Every structure is written in structure tokens, then in C-alpha cells.
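Q: Each chain sits in its own coordinate frame; assemble them with the hints.
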Amino acid sequence: MAEAPGLPDLSARRSRLLGTGDRRGLILSTTSTVVVLAVLAAIFLLAPGSRAVRTTFFNPTDMWRALVGDPRAGYYSVGEALWLNIRMFVIAEVLILALALVVAVVRQSTGPVLLPLRVVGTIYVDVARGVPLILVIFAIGFGVPALQLRGVSSESAAVYGVAALVFSYSAYVSEVYRAGLNSVHRSQVAAARSLGLSGSASMRYVILPQAIRTIIPPLLNDFISLQKDTALVGLLGSIEANKAAELYSDTTFNYSSYTVAAILFLLLTIPLARFTDHLIARDQARRLAGAR
Amino acid sequence: MGTAMDEAEVAEAAAALRIEELRKSYGAEEVLRGIDLAVASHEVVCLIGASGSGKSTLLRCVNLLERIDSGSIWLDGQLITGPGVDQNLVRRHIGIVFQSFNLFPHMTVERNVTLAPMKVLGLSRAEASERAAELLDRFGLGEKRSDYPDRLSGGQQQRVAIVRALAMRPRLMLLDEVTSALDPELVADVLDVIRELARSGMTMLIATHEMGFARDIASRVCFLADGQIVEQGPPAALFGQPSDERTQRFLRRIVDAGRL
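Chains A and B are the protein sequences, given in the same order. The first sequence maps to residues 7 to 298 in my numbering. The second sequence maps to residues 15 to 274 in my numbering.
Chain B with its partners taken away, still in its complex shape (with noise of 0.2 Å):
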């Protein structure tokens, strides 16, 4: 028994992300109802579950954009939502990619990608520009550097977005259903470029309704439903055995939508 503590003290110690009873509120309404979710480094960590059942918000949350109720988020150890704390220093570690892209759209793809680097990091235009070049050739998208945003494809938006958000070299990216606006001969290209960041290491919190893609390449898939987290585990059980009541039922909709 003792020796089951210190290995989940060890466990607690190394993770990226921790977060504890995290409560959310929007008016009466509680769309976070006592979140308790630690992702490791390198780790991927899939949140499934119907649309309102609070990934979003948990994402918002984790990247300071929601005030929060109660609770508390630590990231590589150190409490982020606690008083007194630098929210502009903490999300430079913390990327996030949102589901309409949300990309700058007065600048061109280069300035999107390099704007943060350059006002955020202090890194000087020739230094900011090496470094968007060096993702966009990575991404496929080093044609499009000086394309303005509404030229762009809706899966070519979104990987600039990602683009961007890495260019900062964040600790941890939040991925808020990035598919979910994309036409869907578009969305490959996209989760391919996710999948690639699995590979490289990236530790990722994933909010998705690609129930395929997350039990390709997630290392844990957690399910939310009415705010709560009611069963996590490694894709191949959440997705074979579902032991809640909840979670069999959200499967298996999904599978008679013929979506896994």
C-alpha cells in the first residue's frame, strides 16, 4: 500500500498538467462539476462526450480564458490559478487551438505565426521569421507565408493555427475540437499534422468528436458528461469495454451514426 502511494506521488510529481476539483459556473447553470484529470509529459489525453458536456470549457479553463469557481490547476508543478499569478506568463506555456481557427485575419500567415514570438518572447523579426519558416515548411504550408488568412483553406487555416501556437514552444497544447469546422475531405490533412506531434512528444489535452482519431492516438481517452469525468482508461478499454452505463450509451449512438 505504501509503496501504491509513493508511485502515485511520483506520478503526480511528473505531470504536465494537474488538475483538481475544478468547478465552473456559467449563471445557475454548473458546466464543470468537480474535474479531476493529470495528463503526464509526452502524454495525449483524448476528452470525449456530447457537445455541452464541458470539454470546452475545461480547456478554457486550463488556459486561464474562464475564470474559475473553485478548484485548482497546476502545470509542471506550480499552481496556475492560485492569486498573484502572471496569466500572460502562464500561457505562453499553454497552447491552444480553437475550433473556428480564430486566426489574425489583418495579417498575413507569417505575421500571424510570428506576432506572439516577436511581442510576447522579445525575439527580433529575423528570429521569429526563422522560426515560422522552419513550422510552415514543416506543416506543408511554407507557400502560403505571405497569403492573407480568407485565401486560405479551412484545413490549411487550421494548421497555420497550430502553426502559431507552437511557434510560442508551449509546454502543453489544448486542442478544442480543431476538426469540427472543417469540410470533411479537409480534415486529414489536419489530424495528420496532430498525429505528427504525438510522435514528436508533444504533450497534448484533445477535446475531440473524432472518435476514430482518438483511439488512434491517444495514450488515454476520458469521457464527460454532465461536467464530470465518468470513466478514463487507455483507448482500447474505454472504446471495448466501456464499463459505465453513461459511456456505453454515448458509444454506441455514435457507432449507429457510423462514426467509429
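With the rest of the complex left out, here is chain A (with noise of 0.2 Å):
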């Protein structure tokens, strides 16, 4: 590892703490760390607008009023705002790796009867990914129920959130598992067709399951990106927990509503990360183990 000029790179630190015990190293890296930190609270505390952004963004009081909620007041909690995000982004995540895998293996099919759905797989990811999410929900949030189709115009403005971000994130996530897809060798379709595995057989027990440990990296950003995109079905009206903070500072004038959700979000998507490393050193230590 090239030794870190700036903020150190983490696992670098990680690994020489759990290493042969560079001492030296860890000195170096743990004082540029304390330094950088240093200087940039310093910029902070010291501009000239400083007591006005920690009033705005950074007042405790405010903070903590906008996390539990005050209705009689006129605003939400923000921490119970998030549970609305939290079932948001389960939801949709589980309807698009399905729809995404879907997607994906129509579009990586040969066969030329299957030609009309790969055009309109294609077509599908071209007009999901090109359209803004933004739009999306707009058209979705509002045109569904405007056409006012017995069944599905009076649902719940989270619903169509979860609709709008299942189309356009269903595209983004089918193109990883295509390369995903693309990235096991040819030569194992080849051993697995030898063997008299069937197409579809080779591909559930011999190519996914390796296209699945390659795509599990960006699948997370993928899904990190989304667990924040919740954020955007507020639009609609739904208080989920970036709505909550607009009510709060829309009440109150105050703003650390939004570092509140900040926060929130940070708070769910770290331990994702957190355990997505876990998952692909588990599998590391497995397969070189050796053992089942």
C-alpha cells in the first residue's frame, strides 16, 4: 500500500494495524489524519459565517425536536418519517432484482424467437435510465391516478414512489447483472452444456451464482443511491423523512431538520456497506478454506 499523503485510506490503515505492526506507519497515518481533521474544523469554526450556520444547521435543540416530531406544532418526526423510507427502499429493492434479473436474461438471450423482447428490453432500459427519476415520479405520482383506472389510481402516493423507482432503477441494476453476466468465462457455459445441463440450468447453478459475487460491489451503490432516492418520492406528498425536515424548517425556520435526515440516511446506508464487505470476505475465507 503507497503511503497516504492526505486522509489515509482506511483499509491501508486497517490493514497495517492488523499487520506486522509498522508502528511508524500508523504514527504517520493516525497524526496527518488528526491534522487534516484539525484544519478543516478550524475552517469551520473560524469563517465569518460560522455562528449562523451552527444556529441554522447544527442547533441541538432543533435537531432533537425535529427527530421526535411535534404534531399539535405542525411537523412530523423525522426519525419515524424514515421508517416510510426504510419500507420505500425494502420493497422496491426486492421488486427490482427480480425485475432487473428478468430484464437482463431476456436481454442476454440468443435464441431468435425471444428477438421482439429483447427489442423491447432494450427499449425499456434506454427510456428508464434516460429519463430523470425526477420525471419519472412526477409521471407516475400524478398520471396514474389521473387516468383513474379502478384498482390502481387510488393507491397511497408511496406506492407509485415505489413504482417510479422500481422502473427506473430495474434498468440501472439489469445492466449490472449483465455484466455481471458477461463476466463468467464463456468456458463455463461450455463445461456446463458438456455435462448435459440444460441452458436454463446452467445458468441458475453455474453462471449466476458467480455473476452474483462479482455484482454484489455495485449492486450496493447501486442500492445506496436508491436507499437515498426515497427521498425523492416526498415529492408526492409522502412524509417520509426528507419531508419531515421541509415541514420542520417550513414551521421553524430552522434547518438542522435537515442535518437530522442527513444523518438518518448516513446511518443506513453505512451498515449496508459494512456488511457487504463482510459478505465478500466471508466468501474469500470460505472458498479458501476449503471448506463447506
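If you are wondering where the hints come from, they were derived from the structure by calculation, not from laboratory data. Since this is a predicted model, take the numbers as computed values, not measurements. Even for Gly, the Cβ is constructed at its ideal location relative to N, Cα and C. Just so you know, not all the hints are guaranteed correct.
Covered stretches of chain B, as calculated for chain A (at least 3 residues, CB under 8 Å) [said to hold, decoys possible]:
1) 111 to 125
2) 176 to 185
Cβ-to-Cβ under 7 Å is the rule here; a few derived chain A residues that face chain B [unchecked claim]:
3) A196
4) G202
5) S206
6) A207
A: Put into C-alpha cells, the structure is as follows:
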């Protein structure tokens, strides 16, 4: 690992900590971290508008009020509203994983009979990736209710929001899947088919399990992005974390609620990142240990 | 003359594998230019020839991994290259082992071996495991059954690949330069496995660069050049008195390189 001059790479630091005890490297990296953080803090605290920013964005009292909420005062709890983000995210994620896989497999198919499906798949991915998510949310969130269709036009805003997220993100995730499928060497297909496995059995037992290992990091990347983008559903009127923060600032003219929302989103995404690292490490360890 | 014809027909009927007028092109390049070849039951036929002579392509065509342009292939008297043939059904009966092993890296050795018997033949896990254990033990791999392929040496991986193909109890085994990717000291183990298979009567079509091995094991050796079988015969004859000028030149180069 190269010696990082500024903020040291965390994984480099960790490997040194766990490694052969390179004390000099450890002292250097700790010192540089402290120095950099101190400089940043000093810039923030000494800036001409520092006091105003701190009271507007980092006021502990406002942060607490925004977190717990007070319906009688006209604002909701940002913390409670986050629960809606979590539900939207989890439901959307499951649907995206399934829909994107279908799209990817269809686009990877080679049979002449499936050509129409491939064309539809390609057009879908082009459209869904090309239109800004915010426009998709408006189109579905306001368009579908306006159609006045029985059974589909009277759902809550959150449902349309999830539909929009699924529509948009499935296109991205299908490309991630496709990259993963392509990363498995053709010789693996040959080996599977040569044993008499059908095309779909080869896909299920040989190609997909290997592809999934390579796509976990990029997939996680898209899902972190998805977690944040659930905030856009607030545009349809759903009281999710960002909307709740907005209502708080509208009522009190203090933006600390947004800081609370930001912190909560961070708390959501960081465990997901660590969990994925853990999965990757476990997979590697298992394969190296040779145990089942 | 009439009896000679009859004998030929009898031999044809007994052939495990028969290839007629097989042609295959990649784009403008014709790789196989009219191959005729029959392999009798329990026969071991070695294909030799320079890289690019079409040996691998021929094996891949027999396994239906490559679409052929014209000609026909019969397995046990049944046409396998016609329309409406179930390729998956055909491949159950033909095992192939590749130069680069192609084990499934995300599965243990045992799972590599049991996957196809379970998913293709419908064996239970217990039956498939028993079959795998038997074969792995027979080829000295019993202790490796719960290892993942990346923990094994190249020679061990290739032996697992052979076992994986054998677990389907194939009618015919195709070996595609199975020792070419191995370190020299690991070659012997794999060749021993193939010798053992030959002794047990397995019908095999083997593409190889190991001339000494081909001379030992083959019932018949075919020399390929430019997508055609230029010359074939018993190893003693082909290596001893090659009649075709191209065969002579090829073997001379092998001898000069100290490989025969």
C-alpha cells in the first residue's frame, strides 16, 4: 500500500493495524488524520458565517425536536418518517432484484424467437435510464391517479413512488446483472452444457451464482443510491424523512431538521456497506479454507 | 470384394462414433475440411497435429458445442447432428475434458462431480455422492472432496474434471489437450488416470501434444493438418514409417524438439 499523504485510506490503515505492527506508519497516518481534521474544523469554526450556520443547521435543540416531532406544532418526527423510507427501500429493492434479473436474462438471450422481447428490453432500458428519476416520479405519481383506473389509481403516493423507483432502478440494475453474467467466462457455459445441463440449468447453477459474487459491490452502490432517492418520493406528498425535515424547517425556519435527515440516511447506508464487505470477505475466506 | 464390403459395414455398425464429411468454418476460415473418422467401442484414438490443425474444433463439434456447417456425426448408430436432436440428451452420453479444466469455482469438488448426475440424471443427493466418492477414491482424490477448486493443483483439478465427466457414465470420452496447461511434473498423474481409463475399456477420442503418451495408449493415431486427417494408422506405423510428407515433417520437428 502506498503511503497516503493526506487522509489515509481506511483499509490501508486497518491492514497496517492488523499487520506486522508497522508503528511508524501507524503514527504517521494517525498524525496526518488528526492534522487534516483539525484544519477542516478550524476553517469551519473561523469562517465569518460560522455562528449563523451552526445555529441554523446544527442547533441541538432543533435537531432533537425535528427527530422526535410534534404534530400539534405542525411538524412530524423525521425519525418516524424514515421508517417509510426504509419500507419503500426494502420493497423496491426486492422488486428491482427480480425485475432486473428478468430484463437482463431476456437481453442476454440468443434465440431468434425471443427477438421481440430483446427489442422491448433494450427500449425499456434506454428509456428508464434516459429519463430523470424525478420526472418518472411525477409521471407515475400524478399520471396514474389521473387515469382513474379502478384498482390502480387510488393507491397512496408511496406506492407510486416505489413503482417509479422500481421502473428507473431496474434498468440500471439489469445492466449490472448483465455485466456480471458477461464476467463469467464462456468456458463455464461450455463445461455446464457439455455435462448435459440445459441452458436454464446452466444459468441457474453455474452462471448466476458466479455472476452474483462479482456484482455485489456495484449492486450495493446502486442500492445506497436507491436509499437516498426514496427521499424524492416526498415530492408526491408522502411524509418521508426529507419531507418531514422540510415541514419542520417551514414551520420553525431552522434547517437543523435536514441535518438530522442526513445523519439518519448515513446511519442507514453505512451498515449496508459494511455488511457487503463482510459478505465478500466471508466468501473469500470460505473458498480459501476449502470448507463447506 | 463382397466380403470386404460386408466386413466394413459390420465395423461401421459397431462404431461408437462415426463422423462423415464434417465441415466447419469460423467466418471465412474453414477449420475442418471434410473429416471422416470412425471410433469403435473400447478404441482409443489419438488426434495429433500442429496447433490450429482443427483437433479441438473437431472434439467440440462431436460434443455439439459447435454448430457444424455440413456432414454428419453418429453416436452408436444414431444421427446426432440432424434436426430435432435433443442436444442435452446427446451430451449426457459424451464426456469432454478441456485443456483449462473449467471446474465450477464456486462449488466444492464433490458438488462439481454431483451436479450433473443430480440435475440431469435425477439421482438423489445420496446416490450422486456415492457415485462421486467411488470415482474420487479411485483416482486418489477422496480427501479433496470438500475442497474448492482453487485449493487444488492443476493436476488435481484436471483429474477432478475427468471424474466430473465420468460421473455421467458416458459412452464416449473426449479429451482436449488435457495436459497442455499443466506444469511438467503434474502431467504424469493425469496421463496415468487416462491410461487407467483405457485399460477399463473406455472409448476415447484424445487430442494431444504428448507424442510418447499417444504412442503408448492409442489403438490408432490420426494426424491432422489444415482441417483434414492426412494420415492415420496404428501408432507403431504412424510414428515409425509415416507415409505422408506433411506427417514426416511434423514428426521430425517433434523429434528435433526432443519430445518423442
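Q: All the hints need checking, so say for each whether the structure fits it.
A: Status of each hint after checking the structure:
{"no.": "1", "hint": "111 to 125", "verdict": "holds (count 8)"}
{"no.": "2", "hint": "176 to 185", "verdict": "holds (count 3)"}
{"no.": "3", "hint": "A196", "verdict": "holds (5 Å)"}
{"no.": "4", "hint": "G202", "verdict": "holds (4 Å)"}
{"no.": "5", "hint": "S206", "verdict": "violated (11 Å)"}
{"no.": "6", "hint": "A207", "verdict": "holds (5 Å)"}
In terms of the numbered hints stated before, the structure departs from hint 5 and from no other.
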